Amino acid sequence: MELQAANPKTLRSSLVWRLTVFILLLVICFIFPWIVSPLWLRIGTEVVMWAGLAQSFNIICGYTGRLDFGHGAFFGIGAYVTGMTMTLLGWPFGLGLLVSGIVSALLALAIGYPTLRLRGAYFAIATWSMGELIRQIATILDITGGAFGLQLPAVLNLPYFYYIMLLVTGLTYLTTYLLVEKARFGYKLLAIREDEDAAEMVGVNTASTKNWAFALSAFFPGVLGGIYAYWVTYIHPDSVLGGQITDVMCVMAFLGGIGSLWGPFLGAIVVQLIQRVLWVVWGEGTFYLVIIGVTICAVILFIPNGLVGLLEGTGLFSPRESVNELRKKIKW
Amino acid sequence: MILQSHDLVKSFGGVTAVDHLSLEVEKGSVFGIIGPNGSGKTTFFNLINGVYPPTSGTITFNGRNITGLRPHQIAELGIGRTYQVPAPFSKMTVLENVMVSTFMRTSSLRESRKVAWEILERVGLDEKGDTLVANVTLEDRKRLELARALGTRPHLLLLDEVMAGLTPSEINEAIELIRSLRTGELTIIVVEHIMAVILSLCDRIAVLDYGEKIAEDVPDKVVNNPNVIKAYLGERYSARN
Amino acid sequence: MELLLQTFIDGLLMGGLIIIIGVGFSLCFGVMHIVDFAVGEWVMLGAYTGWLMVRYFGHDAMFYLPVIFIIFSALGWVIYPVILQVVSGKRFNPAIMGLIFTFGLSITMKGGALTVWGYHIQSVPTWLTGKTLYLGPLTIPGLRVSGFFFGILVTLLLLAFLYKSRYGNVIRATAMDRDTANLLGADVRKVGAVVYSLYAGITAMSGALIGALFSVHSVMGAKYTMLAFFVVVLAGMGYVPGVIPAAIILGLLQSFVSVYIGGRFNLAALFLVMYGVLLITPKGIFRRGW
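Protein chains in written order, with my numbering: chain A, 72 to 403; chain B, 8 to 248; chain C, 198 to 487.
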């Protein structure tokens, strides 16, 4: 990455470039259900969901610098909470989603409180263990349907689910952009990530900031899980609480570019594409796990900044400094 | 008295880094702490700052017992600190580094930015504001350390070996800068090795050796104190002289 | 009363077997500051290798234990430079990089095992299978006893190596203060390689024994990773002597929960205790952790 101030002219044109691409993508996202077949709509819905999930992982890992290997559990919890509130309590879908998000966030606060103040390894261990535990609990308890899973009422309206997923994922990205990239909260997170002790020394309440970041990162997968449950109508512990959810979130965020705003989105598209291709060529099996694992290792070894890091030279994603310089010159 | 330590003790396993240290610092003064390497100076700062709690003893700041408080709480109360080896936030610009430290005292990002620019100007870093910290010289990093500490609007500033690694001309600039900070409101405690600096800046000096205070007085008297000479230069030298 | 005693013995035996996994894991962390998320997968691979060897070469599973040790030590030796590369970069955050890398490794290993061997559960018979020791009212499976003694033996050997031999001292010095050890002439990289390969070899070897003791299953790794975590959190990260009491506590806890509350609640009990430890004494119950 070149740490020099870039030429304002090329930056201006790259900014226009980026805005055009962004608006184009936005339009495509909105009209997507009406221009593709049902199969692709389903794929698209899943991609959108994973984009949101990967970003939520990015919040706690990329921006806050802590590894949550149980992050997938929040997705599963959201799925089950919505499932249970709808089937056992008869609550409407929207309310179920909200409760899912809140329950996930609360759980994050409970886990985060003792573990975030310790070294990163403890947090990784604790969250991974929690993930395993929750899966087991869902398998044991009767009200969750045990190993047989949970059945939800069926709604056959594909575009409906697509738009809801899009809405929530969009919210995830918007929140990340506003709170984490732009606001003081984001500066604090970055300071904590770079040098936690120094951050504490200049008045940042690191414990509280980390906890809120974690709760935020848990809220969105909770809601997305709820949508997923209603969408696929049948969930069980291995499908929504299995470790593979975290594995996939992780590889998407890292491959795309950990710590960047659009990395997870890019990663979601690429990984989903690869998965689909693999399933067509090799059949649905467990080999994709090997690919995921190898990809994670390869990314760490060779492109730790992910695809976004690779693309940063092309002007599509500009390094922070040059954007600031440009802003000064254009006086935004 | 803005700062007082009462019988402060800090042990790490078998090593007593700070040994029953009692000190008082007067408001608005520049107080120096000197002593051979390993005498507990940085540990003392860490205790004031809240990096770790003392094994026993208390620290009072502005009449309030701050022993055992967390570093960010102590920063909020008005104690700022620089480190010997600058530790800036690497992926941010110089300006952003200072902005983070102003968050406590400002209510919006715009205000933070404004205050941060003012501080950068004060320490002479206003031209490097938008530069990434990775691209900045050691001397500027030291200025940044100072700027970051100032961002918290401290009443008490702890400077830990600010001069280490600077050239003589840079040192003179630094002395001027520190002098310029004295407005009567700000109290400064300086840990230093370079005698000329201590003598030119400080109103009073304390000397530490093996965690204990072996002298405390005005600079001229301290320099001529036989115990101090013995601590720095050894028994044989002082016996000879 | 008999049940109590039986439960106690079972727990003790189980704990003894886990000690060795905990010791390797803790040592690995202490020297290289890497939490190897793939620890359970090393166990799993060792178990499968033991099963494979018995299937294709005959003889008894116990016979292959040293062989497996050698194979996996070599594997660890080969993998170590890669891990070193990951952990010592000037990147994002070396500690995190190491964690994710081993996480990726564990996924790869698990995926590989699933792809090659599927979900079938295998068992590995040995001459000790079915042999039971009868001590008064107690029934003690012979395999478990041997597992226990095996665990103790290997642990003692390792500790003897660490505390009595010259190179062992070098290793411990590196664990305590890497830079100083480096300055004093220790080849820190080689120490890391030695420790990692020892760890891989021992863990896989235990896996082979566990395979014989219980069963061999592609997804068995998660359980042992969890056990290793628990032991190390309880003992204190990097504090090797603490692993012995911690593993015994683990074994007893598992045993008592299984018998008096229900086997399904094992993981929950483990997690709760671990959570409590992290809350109250994060440096382990002996307060000597990292």
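Everything labelled a hint here was simulated from the structure, so no lab data went into it.
Source: prediction; values computed, not measured.
Certain hints may be false.
Within a straight-line C-alpha distance of at most 25 Å, the following computed BS3-like cross-link-like pairs (lysine-lysine) qualify [as the list claims (entries may be wrong)]:
1) B:LYS98 to B:LYS121
2) B:LYS98 to B:LYS135
3) C:LYS480 to C:LYS420
4) B:LYS34 to B:LYS237
5) A:LYS253 to B:LYS98
6) B:LYS34 to A:LYS253
7) B:LYS135 to B:LYS121
8) A:LYS253 to B:LYS228
9) C:LYS387 to C:LYS361
Item to complete: Enumerate the violated hints, using their earlier numbering and listing them in ascending order.
Response: 4, 6 and 8
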